[in-house]
Amino acid sequence: MPTEECIRIPGERICRTDKGLVAGRGTYECNGQIYSSVAGMQLKSDKDGKVHIEVQREMKQNVLPEIGMIVTAKVTNVNPRQCKCAIISVETTSLSDPFRGVIRSEDVRSTERDKVEMYKCFKPGDVILARVLSLGDAQSYILTTAENELGVVIALSESGATMVPISWNEMQCPATYAKEYRKVAKVQSDHITQNG
Amino acid sequence: MPVDNRRLWTPEETIPPEFITKYRPTTELVNQNGKRRDGREANQHRPTYLKAGAISQAKGSAYIEMADTKVIAAVYGPREVMKREDFTMSGQVKCVFKFATFSCKTRQKHIEDDREKELSMTILEALKPAIRLDKFPKARLEIFITVLQDGGSALAAAITCGSVAVADAGMEMYDVVIGCSLRQIGERSLIDPTTDEESHRSLSQSDEKSNETSQAMMTVALMPSINQVSSIIQKGELSIDGAKQALKQCLDTARKLHPVIKQCLNKAVEAKLKR
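Protein chains in written order, with the UniProt record's numbering: chain G, 1 to 196; chain F, 1 to 275.
Some hints here could point you the wrong way.
[Stated by the list, open to error] Below are the DSSO-like pairs computed for lysine-lysine, each with C-alpha atoms no more than 30 Å apart in a straight line:
id, chain 1, residue 1, chain 2, residue 2
1, F, LYS272, G, LYS44
2, G, LYS50, F, LYS94
3, F, LYS94, F, LYS83
4, F, LYS51, F, LYS117
5, G, LYS74, F, LYS94
6, G, LYS44, F, LYS274
7, G, LYS50, G, LYS123
8, F, LYS272, G, LYS47
It is worth saying that the hints were derived from the structure and are not from the lab.
Model, not experiment: these values are computed from the prediction.
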């Protein structure tokens with residue numbers, strides 16, 4: 001059995017795959033053996049009856065947007081067909097370099113998909129929560145906000161104040177009381193983490 | 001790399017005075033006792049110092065020192081690939097290898113020359129099989145390797161240093177890669193050659209003119225845990241048996257370096273855990 005709580009380097013053999021041991025994150029399996037694939041601390045975790053061997057790095061793992069993940073993005077460009085944005089963080093980790101994402105008009109909401117007016121949903125500068133739909137093409141990741149919990153989280157009004165959501169598709173400026181249309185996210189606490 | 005016109009240009013070419021003085025060391029490359037100029041055995045590697053995390057701004061970095069050979073490597077990314085033409089669904093790796101202007105006996109240009117381009121490709125070839133490209137689709141990892149001083153076997157040092165830097169960046173890898181060089185002069189094979197041993201055509205100064213039968217330089221990149229060779233670079237001519245022998249010697253020496261890498265990465269991880 002592998003000793004616990006020890007440091008592994010890439011390519012180091014940890015143990016055999018029998019005895020219900022499964023290669024978890026930071027490891028790979030080859031010829032019935034589990035090898036470490038990152039330099040880090042070896043950990044064990046129980047998941048659905050199987051023991052997962054993981055090698056974890058204390059520093060943030062290299063996160064990249066993956067299908068199904070929730071990302072935070074900033075809207076950079078809106079046109080009638082789609083909305084371009086820069087993905088600034090994935091789940092809870094912020095990225096050092098932004099990745100390009102795109103929300104197509106049919107992915108903005110789950111109802112009346114064909115009647116979406118992009119200008120009434122996003123404006124450049126809005127901070128949004130979205131889910132990664134696919135890795136997309138060469139240019140960008142394809143994102144979707146077709147869930148109640150996804151959409152605009154932070155938006156500034158014409159006067160520059162942070163607007164307050166008043167319904168699922170409207171936000172109001174606290175300074176001028178002007179109403180603007182947005183695809184508002186019903187923010188849930190488990191989708192948000194406060195940084196510092 | 002574009003030309004920087006604002007830079008103060010040095011003369012086209014500079015030659016250190018040692019070339020004018022026709023300095024020739026009097027001792028032979030290998031003396032009667034089988035010892036080399038620096039007192040090593042023929043199959044002995046120079047003492048190696050390796051440090052991970054030498055550059056704070058980079059995602060991962062490493063510094064290697066083998067006597068006079070000093071190489072530093074930095075890894076950035078994975079970053080988004082901006083050009084549509086360069087797009088692939090698997091991960092990409094970019095490698096830039098550079099001799100610092102002051103690293104060799106003759107001054108190096110700021111601009112990447114053909115030799116550096118070729119070595120960049122070679123290092124990339126050696127490192128790529130060890131990196132799990134499927135873990136970062138659509139993105140590119142960038143490795144920058146700079147030789148600070150070339151005291152021989154710079155390529156082997158660069159391969160080792162590059163792989164430690166990638167591991168230090170926390171990238172998923174199948175294994176680390178260790179480089180090792182060998183210089184064959186006639187019947188003699190010298191592991192981890194210095195610049196003198198790399199450039200001389202014969203063992204003793206007296207028979208400089210005589211052509212030894214085999215003249216070759218071999219560099220091997222080994223992934224020690226999974227016991228696979230990711231790259232072999234040979235220059236010059238070796239017999240089949242000679243090549244086999246040289247390969248075996250390189251692999252043996254590379255395996256001896258594995259504990260150094262392990263210790264260095266262990267230290268780096270410990271340092272990260274403490275913080």
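Checked hints:
{"no.": "1", "hint": "F:LYS272 to G:LYS44", "in the structure": "holds (20 Å)"}
{"no.": "2", "hint": "G:LYS50 to F:LYS94", "in the structure": "violated (38 Å)"}
{"no.": "3", "hint": "F:LYS94 to F:LYS83", "in the structure": "holds (14 Å)"}
{"no.": "4", "hint": "F:LYS51 to F:LYS117", "in the structure": "holds (26 Å)"}
{"no.": "5", "hint": "G:LYS74 to F:LYS94", "in the structure": "holds (28 Å)"}
{"no.": "6", "hint": "G:LYS44 to F:LYS274", "in the structure": "holds (21 Å)"}
{"no.": "7", "hint": "G:LYS50 to G:LYS123", "in the structure": "violated (47 Å)"}
{"no.": "8", "hint": "F:LYS272 to G:LYS47", "in the structure": "holds (27 Å)"}
Hints 2 and 7 from the list above are not met by this structure, while the remaining hints are.
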